[in-house]
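Participant: Each chain, written out:
Protein chains: 2
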Amino acid sequence: MFRPKIKVLDCTIRDGGLINNHKFEDSFVRAVYKAVSEANVDYMEIGYKNSRKLFSDQEYGKWKFCDDEDINKVIKGIKSNTKISVMVDVGRVDVEDVKPKKQSPVSMIRVAAYVKDIDKAIFLCNQMADKGYETAVNIMAISKARDVELTEALVQLEKECKANVINLVDSNGSLYQEPVEYLVKKAKSIIKTKEIGMHAHNNQQLAFSNTIEAIIHDANSVDCTIYGLGRAAGNCPTELILGFLKNPKFDIRPILDVISKEFIPLREKLEWGYIIPYAIAGMLDEHPRAAMALRDGKNKENYREFYESIVGTEE
Amino acid sequence: MFRPKIKVLDCTIRDGGLINNHKFEDSFVRAVYKAVSEANVDYMEIGYKNSRKLFSDQEYGKWKFCDDEDINKVIKGIKSNTKISVMVDVGRVDVEDVKPKKQSPVSMIRVAAYVKDIDKAIFLCNQMADKGYETAVNIMAISKARDVELTEALVQLEKECKANVINLVDSNGSLYQEPVEYLVKKAKSIIKTKEIGMHAHNNQQLAFSNTIEAIIHDANSVDCTIYGLGRAAGNCPTELILGFLKNPKFDIRPILDVISKEFIPLREKLEWGYIIPYAIAGMLDEHPRAAMALRDGKNKENYREFYESIVGTEE
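Top line first, the protein sequences correspond to chains A and B. If you're matching positions, the first sequence starts at 992 in our numbering and goes up one per residue. If you're matching positions, the second sequence starts at 992 in our numbering and goes up one per residue.
So that you can see chain A by itself, here it is in the shape it has in the complex:
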């Protein structure tokens, strides 16, 4: 028996944009929107709403800024029940840039923040909620959060924040199913008025199983990306989640189509997925930035040396 409350958020364009400075062609974004719409995915996260005062639109593509006009252009004419989501980072958004919900194609705004910035996240999230948006807070680097501070953050979120969903983000791809169970149960024990969600990274090929694990323990929101596209090792694949969930409304076939037509060619140009330096970063619970730097250089297959550089032992 399926659980109708489970919502799927495809963040292919948003998380994938972290690999290419958000420079996806409109035709690609449109193909993804069409596929997730036909598949009946609940939400599609299309990018960040970052301030143009902080980031140059020479350096970054349009999905770093997500102007309403750009969104309207790529979704125009496509029949869809899929809601559009955008992400905002604490300290990187001009709140005035965000129009009231009624004037925007965006339905949901998600605030990404570390535990230490939870007060800022709540303040920002409530501003977005007051503009009429569905909202969420994504707690990043959850594997590094100190337990007592995470408890306090969750208590604050429950009491002070208007978010509809609190997402646990395994930024380092370091969790396996036992810590996921612990974290989801902990969050559920404190957060009673909002849903809990999971955003997993795939460094150790655990993004899908960690997402299943969160579902088993009653998380009702899951993030995924088509063919796992996303920063470094990428994310929980949308096609696997749709193959797993039993809700008859989901249709995997449009996702299979868009992988054949768009993602297989894209993978020739952009690198993501199971790659040993990302696996090493995951098992050592480190941010993938050092591994990403390695992959950009000429020693990209020197795995042992990279491992030694992280664990800090010289031979």
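Source of the hints: derived by calculation from the structure; they are not laboratory data. Glycine included, every Cβ here is placed at the ideal spot set by N, Cα and C. Each hint should be verified, as a subset may be incorrect.
Said to hold, decoys possible - What the simulated footprint calls covered on chain A by chain B, stretch by stretch (three residues with Cβ under 8 Å from a Cβ of chain B suffice, anywhere in the stretch; the number is not a length):
1) 1046-1053
2) 1136-1145
3) 1196-1207
4) 1245-1251
Starting from the known structure of chain A, fit chain B onto it as the hints suggest.
Facilitator: Just chain B now, kept in the frame of chain A:
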């Protein structure tokens, strides 16, 4: 606190041989043996002991037959505590080909069988045990086993079989953590005098997590392959298992080295890993043979058509 009883069996050459008709160069097999030896992996499975009366040594490489002389040649001079394992299939081995343990470099012989062949497997396994080998039975296609028949097979194995280990094999890569928990607990409730092991396939990126799940429920033997090399989607990666297990005897670094030097170049020539048709076969609990045939043809990226051909619906 680590569990000293957990044994790691690397079956890179044996399962990987299913992709290339067991035609690995001696230098490659030797590099793998050196790596798993330096990493202190407990067992290395090097191939099948199949009958030359049934299989041509023109068509198949030497690791389809695993003559003791060939094994001795590739392991010669390498310091190692890693024991050698070979696999035998019910009905495909000449028992006379297998010398007594004392005359052989092989330590363990594993019998692969479906539930329907469990009587034959027990008979063969006991013959091997009587020759002095450590033995195991690998129950293949466990996801397709009918529960009552699996119960009977497990009862027989416990009562009649001399095997040291009973391995649960997710041939189709279709299990996720809840069925793994069910199957391991079921096996442990019947099998009291032998260890339970897990051999997972990676169709849905669940091989590592299913192996962890088996460990959580007290399986003490785990199969893995370097960089996941293995038939179709491949297996649980050895490097991830060694990154996960806490036993200080394991050293991941020689495995990282051999991936850099041998497996990255090999992946340019041989295909395995997360590939959509294998994922589809996994989510539909089908053997990967149709997906493997697709990947050998010119329509190899026609995922939707392949999906329709399996679910049997015409549009």
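Participant: State for each hint whether it applies.
Facilitator: We went through each hint and held it up to the structure:
1. 1046-1053: Answer violated; 0 residues pass the 8 Å Cβ test.
2. 1136-1145: Not satisfied, violated; 0 residues make the cut.
3. 1196-1207: holds (count 9)
4. 1245-1251: With 4 residues closer than 8 Å to chain B, the stretch 1245-1251 of chain A meets the three-residue bar; holds.
In this structure, the earlier hints numbered 1 and 2 are contradicted, and the remaining ones agree with it.
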